[in-house]
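The listed protein sequences correspond, in order, to chains A and B.
Counting in this note's numbering, the first sequence runs from 1 upward without gaps.
Counting in this note's numbering, the second sequence runs from 1 upward without gaps.
In short, the hints are calculated from the structure, not lab data.
Quick reminder that beta carbons are idealized off the backbone N, C-alpha and C, glycines included.
Just so you know, not all the hints are guaranteed correct.
Stretch by stretch, here's where chain A covers chain B in the computed footprint (C-beta under 8 Å, at least three residues) [stated by the list, open to error]:
#1 24-33
#2 92-106
#3 114-127
#4 161-171
#5 303-310
A few chain B residues facing chain A, derived, Cβ under 7 Å [to be verified]:
#6 Pro-39
#7 Met-40
#8 Glu-43
#9 Tyr-78
#10 Phe-80
#11 Gly-87
#12 Ala-88
#13 Val-174
#14 Gly-190
#15 Val-193
#16 Thr-196
Letter by letter, the chains look like this.
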Amino acid sequence: MSDKTVGKVKKTKSAGRKREQERRQFLRTAAMAVGVTGFSLLGLVPALRGDVLRLRPPGALKTPHDEQEFLASCIKCGQCVQVCPVEAIVLEDIMNGVGIGTPYIDAREQACDFSCDGLQCVLACPTGALTHDLNYPADSRMGFAELSRPKACLAIQGEGFKGLARGPDYKGKLRYDEIDRWNPISVSEHPYDLELCDLCVRQCPIEIRIAQCAEGKPPSGDQNQCPPQHAIALEPVPDSPVGAMIPVIKEGCVGCGVCEMICPPEPPAIVINIEKFTDMA
Amino acid sequence: MSYIIESLKQLFGSAPTRHSKETMSVEVKEVHLHKRQNPMSKEVFAQLKEEHGPASTKWRNRRWATLIAINLLFVVSYYFDVQILEGALTASRFVGFHMADLNSALQVTLAFKHMVLNLVIGTVTVFILWVLLGGRTFCSWVCPYHLLSELAEKIHVKLVEKKLIKNHPFDRRVRSVFYVIFALLALVSGYTVFETISVTGIVSRALIYGPGVALVWVGLVLLFEVFYSRRAWCRYVCPIGITYGVVGSVSPLRVKYNIKDCHHEGDCRAVCLVPHVLDVTIKGRAQDVDVDISADCTRCGMCIDICPTDSLKFELKGLGKHL
């Protein structure tokens with residue numbers, strides 16, 4: 001073999017190796033692209049199945065069954081989380097796919113009691129995912145309360161309530177105007193002594209506002225803060241020998257979740273149905 | 001203009017343009033001639049390196065301090081309610097002024113097909129900020145994942161040195177493919193699909209709001225970078241890098257290469273996150289004595305730190321002010 005042919009053979013060999021390397025790089029790049037894209041697409045599954053509907057902060061751009069606009073517009077920054085005085089808002093984890101980083105409220109742990117009055121979360125939202133179309137707590141549409149376990153309801157049994165609504169270890173907070181207008185306190189620091197349990201009505205932020213307005217003292221002195229409709233009321237159970245009452249949810253309920261949060265039985269007798277808004281009732 | 005075109009080319013994954021020797025400027029030819037006539041022996045170069053001392057950590061230290069300080073400011077603002085920098089890296093308020101991450105804002109806008117005023121303000125503010133500061137400067141000076149990835153890279157390089165593993169590079173054009181895929185997915189599905197897997201967003205939120213399951217994904221990406229492919233996420237996947245890179249292509253803050261004292265030994269390329277931007281330091285590539293490094297550069301300063309001859313420097317184009 002002449003020197004020339006040896007050189008040629010070497011050249012084709014190294015060119016072959018290079019081709020092989022390129023082929024491998026192409027294959028691994030394609031595999032990586034498919035893998036990463038596929039994984040990201042998994043994120044769509046919970047949203048498309050619609051099984052991660054949540055109680056969202058006031059003003060969330062959604063209908064009871066469709067959160068698409070809300071999930072699309074939320075930039076996942078958590079500024080709403082930071083401004084909430086009762087820390088009601090938490091962010092979703094990756095298990096909820098494209099919902100990752102979006103805010104929701106676990107009402108039983110900590111409901112939105114509107115103790116900021118001014119809808120701070122809405123004001124903090126940079127993208128309009130919490131729409132600025134609403135100005136007052138009564139304008140929000142988060143869900144609608146329903147008496148899911150009437151048998152557990154103390155009022156229906158004609159029973160009172162004495163002690164801590166959620167026990168001594170409960171972390172949730174509420175604003176008790178008569179104690180501190182500006183700082184919500186822990187529910188576990190506020191024992192009750194009630195002849196007949198009326199906690200869901202007593203702590204309802206809408207009912208509290210209506211009562212304040214009736215006394216001529218609307219929140220922040222703003223008449224616009226006065227809710228136009230009642231949200232919940234106790235009505236007598238007919239022919240009850242023990243003076244039992246039943247909580248009835250009214251048109252003014254916005255689904256903030258305070259009733260679900262404060263209800264003493266475990267699980268609670270009253271919960272928020274997030275698939276229903278008052279206007280649809 | 002050619003700087004912008006070359007930057008975009010490299011950002012989207014093409015190899016840097018290789019000019020022919022004929023178009024090389026006279027000055028560069030003279031530099032090469034001078035180097036040929038005064039060849040430096042290996043011993044002399046080694047001595048020169050010795051004199052220069054070990055790689056400086058000046059820019060790395062400044063960068064790490066900045067990155068940690070910014071991310072800590074988010075955490076501190078929330079924990080101590082001092083309200084200096086509220087939110088997370090995806091969107092925030094700096095003493096009340098809206099800021100929005102350009103890529104997150106883009107994803108949201110594509111999915112939502114609306115832009116409220118606050119988001120416009122935040123996006124414009126951040127756009128101007130990074131035009132001034134160099135675009136991908138965000139990656140190396142702010143992104144918290146970058147720091148984790150840098151540590152993973154150190155382990156990776158050690159393992160490669162010990163021949164325990166091999167690096168598996170990908171085709172850089174795949175990052176552009178991802179960019180288009182994620183933009184289309186947001187547009188068509190109406191959901192911000194990329195945010196689900198964005199390690200930047202996940203790490204930023206985990207720092208501020210506490211850890212979650214999402215960190216497992218971040219861990220997997222880091223393991224992939226340690227054992228399989230060096231800096232894979234930043235190099236081949238992350239669309240945030242392209243978004244900021246495009247902004248950086250019109251930025252006056254760049255790294256400038258000067259060929260005069262360069263020995264073309266390639267120390268800079270060995271430490272670089274995006275080594276293709278430094279291909280111009282290969283012997284015979286530079287067309288002019290001074291060349292601006294393309295906008296795919298993250299302005300991390302590692303090449304500046306390691307260069308034994310100070311041939312790489314930060315510059316503010318137009319101000320003639322050298323840092």
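Now the hints, each set against the structure:
1. For the region 24-33 of chain B, the assignment as covered by chain A is violated, since 0 residues bring a beta-carbon within under 8 Å of that chain's beta-carbons and 3 are needed.
2. With 7 residues having a Cβ less than 8 Å from any Cβ of chain A, the region 92-106 of chain B passes the three-residue criterion, so the hint holds.
3. Given as covered by chain A, the region 114-127 of chain B passes the check, having 5 residues with a CB less than 8 Å from a CB of that chain where 3 are the minimum.
4. Given as covered by chain A, the region 161-171 of chain B passes the check, having 4 residues with a CB less than 8 Å from a CB of that chain where 3 are the minimum.
5. For a cut-off of 8 Å, the count of residues in the region 303-310 of chain B with a CB near a CB of chain A stands at 0, and the three-residue condition is violated.
6. Because the closest C-beta pair between Pro-39(B) and chain A is about 29 Å apart, greater than 7 Å, the hint is violated.
7. Hint on Met-40(B) is violated. Least Cβ distance to chain A is approximately 31 Å, over the 7 Å limit.
8. Look at Glu-43(B): its Cβ only gets to about 33 Å from chain A, farther than 7 Å, so that hint breaks.
9. For the restraint placing Tyr-78(B) at the interface with chain A, the shortest Cβ-Cβ distance is roughly 5 Å, inside the 7 Å limit, so the hint holds.
10. Hint status for Phe-80(B): violated, given a least beta-carbon distance of 12 Å to chain A, over 7 Å.
11. Of the supplied interface hints, the one on Gly-87(B) holds, with its beta-carbon coming within about 4 Å of a beta-carbon of chain A, less than 7 Å.
12. Interface restraint check for Ala-88(B): the shortest CB-CB distance to chain A comes to about 5 Å, inside 7 Å, so the restraint holds.
13. Satisfaction of the interface hint for Val-174(B) is found here, the shortest Cβ-Cβ separation to chain A being roughly 5 Å, below the 7 Å cut-off.
14. Residue-level restraint check for Gly-190(B) holds (minimum Cβ-Cβ distance to chain A is 5 Å; threshold 7 Å).
15. Contact between Val-193(B) and chain A, as hinted, is supported at the beta carbon level, the nearest pair being about 5 Å apart and thus within 7 Å.
16. With its C-beta approaching chain A no nearer than about 3 Å, Thr-196(B) sits inside the 7 Å limit, and its interface hint holds.
Of the numbered hints given earlier, the model fails hints 1, 5, 6, 7, 8 and 10; all others are met.
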